[in-house]
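Colleague: Each chain, written out:
There are 2 protein chains.
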Amino acid sequence: MENFTYYNPTRIIFGKGTEESVGAEVKKHGTKVLVHHYGEEFVKKSGLLDRVFKSLKDEGLEIFELTGVQPNPRLSLVKEGIKFVKEKKIDFILALGGGSVIDSSKAIAIGVPYIGDVWDFFSGKAEVKETLPVGVILTLPAAGSESSGSSVITNEDGWYKRSIDGVDAIRPKFAIMNPELTFSLPAYQTASGGCDIMSHVMERYFSVTRYVDLTDKLCEGIMKTVIKNLPIVLEEPENYNARAEIMWAGSIAHNDMAGTGRMPAWECHKIEHEIGGIYDVAHGAGVAAVMPSWMRYVYKERIEMFIKYAVRVWDVEYNFDEPERAALEGIKKTERFFKGTGMPVTLKELDKSIAEDRFEEIAAKCVEGGPVGWFRPVNKQDIINILKMAGTG
Amino acid sequence: MENFTYYNPTRIIFGKGTEESVGAEVKKHGTKVLVHHYGEEFVKKSGLLDRVFKSLKDEGLEIFELTGVQPNPRLSLVKEGIKFVKEKKIDFILALGGGSVIDSSKAIAIGVPYIGDVWDFFSGKAEVKETLPVGVILTLPAAGSESSGSSVITNEDGWYKRSIDGVDAIRPKFAIMNPELTFSLPAYQTASGGCDIMSHVMERYFSVTRYVDLTDKLCEGIMKTVIKNLPIVLEEPENYNARAEIMWAGSIAHNDMAGTGRMPAWECHKIEHEIGGIYDVAHGAGVAAVMPSWMRYVYKERIEMFIKYAVRVWDVEYNFDEPERAALEGIKKTERFFKGTGMPVTLKELDKSIAEDRFEEIAAKCVEGGPVGWFRPVNKQDIINILKMAGTG
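Chains as they are written, first to last, in the numbering used here: chain A, 1 to 393; chain B, 1001 to 1393.
Not one of these hints is a red herring.
Chain B regions said to be covered by chain A (calculated; three or more residues, Cβ under 8 Å):
| id | stretch |
| --- | --- |
| 1 | 1004–1010 |
| 2 | 1013–1025 |
| 3 | 1225–1239 |
| 4 | 1255–1263 |
Keeping only pairs whose Cα atoms sit at most 16 Å apart, straight-line, the calculated EDC-like set for lysine to aspartate or glutamate is:
| id | chain 1 | residue 1 | chain 2 | residue 2 |
| --- | --- | --- | --- | --- |
| 5 | B | K1086 | B | E1130 |
| 6 | B | K1388 | B | D1357 |
| 7 | B | K1027 | B | D1058 |
| 8 | A | K27 | A | D58 |
| 9 | A | K173 | B | D1168 |
| 10 | B | K1032 | B | D1091 |
| 11 | B | K1173 | A | D168 |
| 12 | A | K125 | A | D165 |
| 13 | A | K16 | B | E1002 |
| 14 | A | K333 | A | E317 |
| 15 | B | K1016 | A | E2 |
| 16 | A | K16 | A | E238 |
If you're looking for bench data, these hints aren't it; they were derived computationally from the structure. The C-beta atom is built at its ideal place from N, Cα and C for all residues, glycine as well.
Kindly produce the complete structure, drawing on both the sequences and the hints.
Modeller: Structure (structure tokens):
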């Protein structure tokens, strides 16, 4: 086991009706609140926005609004937000939405007290020292950003999708999580979110660190929970308990608990970030399209990890004569699971326009700072090879 | 799944050599620090106390010491500590030890800013509003107190062992956890600690709440980790990785994550508290002596939970003809496990002086506030019945 520090002070407020406590939660930290959201019809029609505004007003808070967040949230809106927050002297940012809104909120929050360009944090030129407080009402379980120390932003200038990770200061003050708010999520978003959750655990699970029994088990437990409940919510969108499992799994998958004491992988996320930056695909779908190919490309590197994954997560019987068969069976089962939820498992299925002649560019952008990932660091040629495998499956 | 809130802001600093960061951690919160510990030879001989003092001095902190903590920590020492801390204007309490020292430290910390008798918090007369900050260097993995919102104190006046639970304000600011510091723990304390850890999970696992897949899995993962690694550390006391698994399992077992969204049980802890208060036995051993009998007494109440436990935690094959057999096999395996680690599984084995003529008194004290526990609340007669079953096995 590796040495580690773990610190996650996000207050989780989970369950039915919890969004009505938002005013009281915000009031602990601020007085002028920016409600940052997609601006989609759902939050208005469903009455959610009204309920949130009422709760904030009941506590005497002054409300501002900034909408227009897109999937793969953009730097331009972040900059607009920073300007607006400074002008209005806003002191709290409430993210109402999923990972994109939360990441955009975090980026605004760190940009406000910073004198330079907020992109400096994402390009590795600056470290976060100060931030406005951020709170979350989660409507899309996927990114785990509601209690993570991460934010991923896309810079339209060059279409770079870059992240800051492991920064405790940007963990939200609170995350309000009502599974009922996810009942109306479309199947594609639900499935993409579920695959994103799976991938957050898998990127931690496939590790070069040995002797990490407890976190192996935590990871396996989270994955098995998603494997059981994601098909249920796709068939029964209003199944509260199954939605609740997915929602809580999404947080635990990325709150860093399941990664304590072990080196992670993150190769697939790094590759997907380049694809997502250029082609603007749903993140979970992008990961689903790349991951099985990545697994096939690297599994021999530490085959016992892939056998363990097959046996414990997918209930594949250990093959004493040909253990490798078990490893490959686990990969196949992963692929079938993604596919069964409606996700793409090849780049072609992800987006027809992702052509082989861009693989070179994607790979080059990905390794600008050297080989990426920690399970089996991949260089430019590795990435091209993986993308070729993912091309058509 | 039940609604829940989860908030655990303890900073975990885990691994080799981490005690050397204690000065820097304390300095974030205070300047005059009380080092509260058992005063046993080990901390001096091993050089641990010197290293801790050096780290504190290097940060310019003023050091005070209060030793003499006993297992089942006493109210009298807590009161002495409160007086001392007030006199010396100490502003931080560093617990160096296991659950007893940490619980004693927490009790001192809440007693200092309180005008009345600190026992008020434990007798349910007062709620914690304010507290001095507490930090921990853990030397005995068991109680999980290093990041929990609990403290258990024994009042010598009547030998009442009482707890405060779920109070976020008393969660320590940090917990430094170096598995190497547990290498020299005697086998009995190691095993007792391991059983305490198991019991913290079991008290959450046996729940009346249905549809709690994720926390089922977290609980099962923690238990399986202890079941695998406790025998290893008993045979190889200096096995770093196995010690590390037990140490981290001890925290996660009781940091409340594994109990999110589900009603807990806690019947056995309530019963053990009375036994521990009167007979001063090691807590983990006391729980081991009571738990199998409690399980046999209540398993029919929600038998599917006990079958699940047998199948998933103990790898008992599901018995389609007689499912009850699987449930009973799980209980037997638990008992054999406790016994195999050198723990008592009857009251006789726990302490020969625990005689049947005291069962009435133990039960009466336990239910002074009404039936206890949430899995299958037990009244006075239930407790007497369980104690009789636990009497000789």
